[in-house]
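Peer 1: Residues per chain are reported as follows:
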Amino acid sequence: MSQQEPGHDGQHIKLEYQPALPLSLGKTIMWLFLSTEIMFFAALLGTYIVIRFGAAAWPKPEDVHLVEIFGAGNTIVLIVSSLTIVLSMEAARAGNSARAKKFLAATLLLGTLFLGIKGIEYQAKFSHGIYPSASPRSLIYEKADFYYVSAVRSRLKELASELDKKETKTAEDYHQLAVCRELIDRELKETAMLAAGSNGEGIGVRRAAMSSLAYRVYHTGDPITAEVEQIEARSKQMTTESEKYLTDSNLSQPEEEARAEYLEKVFSLELEYQSLDKKYKSWDEESEEAKSESEDVLRTELIEFGEKVIRFRHELSSQLGKSKPAGDAESAVSLWKRASAGTAATDGLAAMQNAYAPLAEMQTTLVWYDITEGFADGLNEHYHWIRLPMVIPGGNMWASTYFLLTGFHALHVLIGLIVFALMLRIELTPEKAGMIENIGLYWHFVDLVWIFLFPLLYLF
Amino acid sequence: MAETNSNSEHGEHVSHVSMLQYASIAVALAVLTSASFFTNSDMWPFQGEDVKWVGRTFMMVVSCTKAMLVILFFMHVKFEKGWKYVLTIPTMIMACFLVLMLVPDIGRRVRHYSEQRKLFAAEPSDADSGDADSNDKQEKKH
Chain A
1 MSQQEPGHDG QHIKLEYQPA LPLSLGKTIM WLFLSTEIMF FAALLGTYIV IRFGAAAWPK
61 PEDVHLVEIF GAGNTIVLIV SSLTIVLSME AARAGNSARA KKFLAATLLL GTLFLGIKGI
121 EYQAKFSHGI YPSASPRSLI YEKADFYYVS AVRSRLKELA SELDKKETKT AEDYHQLAVC
181 RELIDRELKE TAMLAAGSNG EGIGVRRAAM SSLAYRVYHT GDPITAEVEQ IEARSKQMTT
241 ESEKYLTDSN LSQPEEEARA EYLEKVFSLE LEYQSLDKKY KSWDEESEEA KSESEDVLRT
301 ELIEFGEKVI RFRHELSSQL GKSKPAGDAE SAVSLWKRAS AGTAATDGLA AMQNAYAPLA
361 EMQTTLVWYD ITEGFADGLN EHYHWIRLPM VIPGGNMWAS TYFLLTGFHA LHVLIGLIVF
421 ALMLRIELTP EKAGMIENIG LYWHFVDLVW IFLFPLLYLF
Chain B
1 MAETNSNSEH GEHVSHVSML QYASIAVALA VLTSASFFTN SDMWPFQGED VKWVGRTFMM
61 VVSCTKAMLV ILFFMHVKFE KGWKYVLTIP TMIMACFLVL MLVPDIGRRV RHYSEQRKLF
121 AAEPSDADSG DADSNDKQEK KH
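Residue numbers (the numbering used here), protein chains in the order written: chain A, 1 to 460; chain B, 1 to 142.
Hint data in this document are derived by calculation from the structure and do not stem from the laboratory. Predicted model only: the values in this text are computed from it and were never measured. Wrong hints could be hidden among the right ones.
Listed next, the in silico DSSO-like pairs over lysine-lysine satisfying Cα-Cα at most 27 Å (straight line) [as the list claims (entries may be wrong)]: (1) K60(A) <-> K52(B); (2) K432(A) <-> K84(B); (3) K432(A) <-> K78(B); (4) K279(A) <-> K291(A); (5) K265(A) <-> K166(A); (6) K84(B) <-> K27(A); (7) K60(A) <-> K118(B); (8) K52(B) <-> K143(A); (9) K78(B) <-> K27(A).
Estimated spans, in silico, between C-beta atoms of each pair [unchecked claim]: (10) A124(A) <-> I106(B): 23 to 33 Å; (11) I106(B) <-> A151(A): 27 to 37 Å; (12) A124(A) <-> V31(B): 24 to 34 Å; (13) I106(B) <-> G95(A): 50 to 60 Å.
Where is the CB? At the ideal position from N, CA and C, for every residue including glycine.
Put together the whole structure using the sequences plus the hints.
Peer 2: Put into structure tokens, the structure is as follows:
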């Protein structure tokens with residue numbers, strides 16, 4: 001660089017700035033920025049490493065719906081995008097602006113794909129009740145203790161109360177209500193009694209009862225211990241009305257499908273029953289004249305429904321393995337019709353209620369069978385609407401660190417994408433190659449961070 | 001102001017890395033990623049809690065190799081002058097120092113839990129889903 005001697009004799013002094021580094025200004029600043037980013041991510045990653053390896057318990061990837069193949073896919077996506085940005089820079093330097101833009105567009109697309117996959121992963125976590133912070137929406141508890149059992153009970157009561165308050169219920173609402181009530185009346189009651197040691201149970205059995213509940217709500221880690229197995233066996237004894245549908249693993253596919261169909265039919269009958277009940281009540285409030293006009297029609301409807309219920313009850317009884325009902329369905333129906341002949345609508349209602357009452361009892365049994373199938377999958381997996389609190393030891397800390405690390409990384413990816421989108425609007429001449437180089441440096445850094453994040457979060 | 005390559009003094013750029021080399025490095029990165037992912041599969045020979053460290057060490061070595069490939073070739077640091085050491089070495093030292101500094105307080109906090117705190121703390125399953133020391137586990141079992 002040429003340098004001029006400072007002038008004298010009243011001439012202005014000409015100064016020339018010497019660059020401190022053999023780099024362009026933009027590149028220098030970008031590297032300075034990247035060194036701050038290195039420290040930023042080193043702090044986050046370092047803290048994660050220390051927390052992770054110092055934790056008393058840490059969830060396995062399957063416990064928190066972490067799918068390693070998505071992480072690996074994202075790694076490949078970012079590697080390819082690093083290649084495309086560097087090819088864009090080389091193309092711009094060589095004076096091929098169109099090619100440079102194509103590679104830049106490819107980088108933008110790949111970055112968007114990365115964010116799309118990340119969005120799918122986040123949605124999988126949220127849909128299973130795993131959120132960055134412990135409250136208010138996170139369903140994660142660290143330990144199966146009495147607070148946990150209370151939380152499950154509160155959630156079931158809250159659900160039952162909301163469903164009960166609904167003016168117009170669907171068959172699915174009745175099903176959900178029945179499930180909540182069964183769980184509160186049977187499962188929670190048994191667990192609370194065992195946990196409190198009301199029959200003098202030891203600490204091991206009390207803890208096992210709570211762990212068993214946690215396991216039934218959501219399967220994590222290893223299979224249940226021997227103590228918990230005892231609780232499972234005791235609970236099974238309570239439900240031996242019928243062996244046929246008790247253990248879902250014994251059912252063939254057609255039998256399982258048949259049971260699911262019965263369950264659906266039971267609740268559509270419940271829905272019909274409730275709407276007929278309402279219809280009767282509104283008929284009952286009409287004037288005497290109006291009542292007498294529509295009485296026959298209503299009575300016929302009630303009795304027809306009663307017939308339907310008796311036939312279905314008959315079929316269900318034999319399938320559930322209960323003591324075979326005497327005679328066939330048709331004889332039961334004609335017997336009942338003879339008894340109902342010539343009665344008023346009020347008697348028609350009583351007849352319908354009498355026909356329905358045994359079905360309501362069977363409904364309870366059928367729901368309980370469905371719930372025991374839920375225990376095999378985990379209630380939160382079997383019933384997506386139930387969203388019960390679940391025990392994932394170390395889960396809250398995991399969620400917190402996972403979302404923080406990947407969230408900050410995704411934010412950096414987003415910023416990179418915005419810059420790429422802006423750069424697509426300009427002509428990528430050789431003079432602009434330096435700009436592409438600088439944003440490329442940023443993008444490679446984002447890739448570097450992910451190279452370390454992937455094994456640390458997904459594979460360790 | 002024209003942006004020029006740090007090695008050029010006359011404004012013309014000579015690419016240090018050919019297209020083939022870029023593509024080869026990308027393939028190498030993909031292969032290394034697969035190698036890293038392989039430690040997660042059933043075919044990985046070092047299964048079991050006591051040899052988990054082998055997989056983790058392997059993964060970190062693979063990650064560092066991938067990082068070096070990206071830094072040296074994609075970021076062109078291989079062809080830069082001495083300033084690269086000024087920028088990277090102090091930050092690496094600070095990064096290591098940060099992790100080490102956190103170990104006594106945060107990393108070993110479980111060892112100093114009170115009995116009251118332990119009542120509400122998560123417990124590892126029997127197969128050690130966490131990485132607490134065996135001393136801590138034995139203290140908790142009662």
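Peer 1: Compare the structure with each hint and give your call.
Peer 2: Going down the list of hints, with the structure as the test:
1. K60(A) <-> K52(B): Holds, because 14 Å separates the two Cα atoms, which is no more than 27 Å.
2. K432(A) <-> K84(B): holds, 23 Å
3. K432(A) <-> K78(B): holds, 22 Å
4. K279(A) <-> K291(A): Holds - the C-alpha atoms of K291(A) and K279(A) are around 12 Å apart, at most 27 Å.
5. K265(A) <-> K166(A): Given that 27 Å is the threshold and the Cα spacing comes to 21 Å, the pair holds.
6. K84(B) <-> K27(A): The hint holds at about 12 Å.
7. K60(A) <-> K118(B): holds, 22 Å
8. K52(B) <-> K143(A): Given that 27 Å is the threshold and the Cα spacing comes to 26 Å, the pair holds.
9. K78(B) <-> K27(A): holds, 15 Å
10. A124(A) <-> I106(B): 23 to 33 Å: holds, 29 Å
11. I106(B) <-> A151(A): 27 to 37 Å: Hint holds: Cβ distance 28 Å, inside 27 to 37 Å.
12. A124(A) <-> V31(B): 24 to 34 Å: With a Cβ separation near 28 Å, A124(A) and V31(B) satisfy 24 to 34 Å, so the hint holds.
13. I106(B) <-> G95(A): 50 to 60 Å: This hint holds: roughly 53 Å between Cβ atoms.
In terms of the numbered hints stated before, the structure departs from none.
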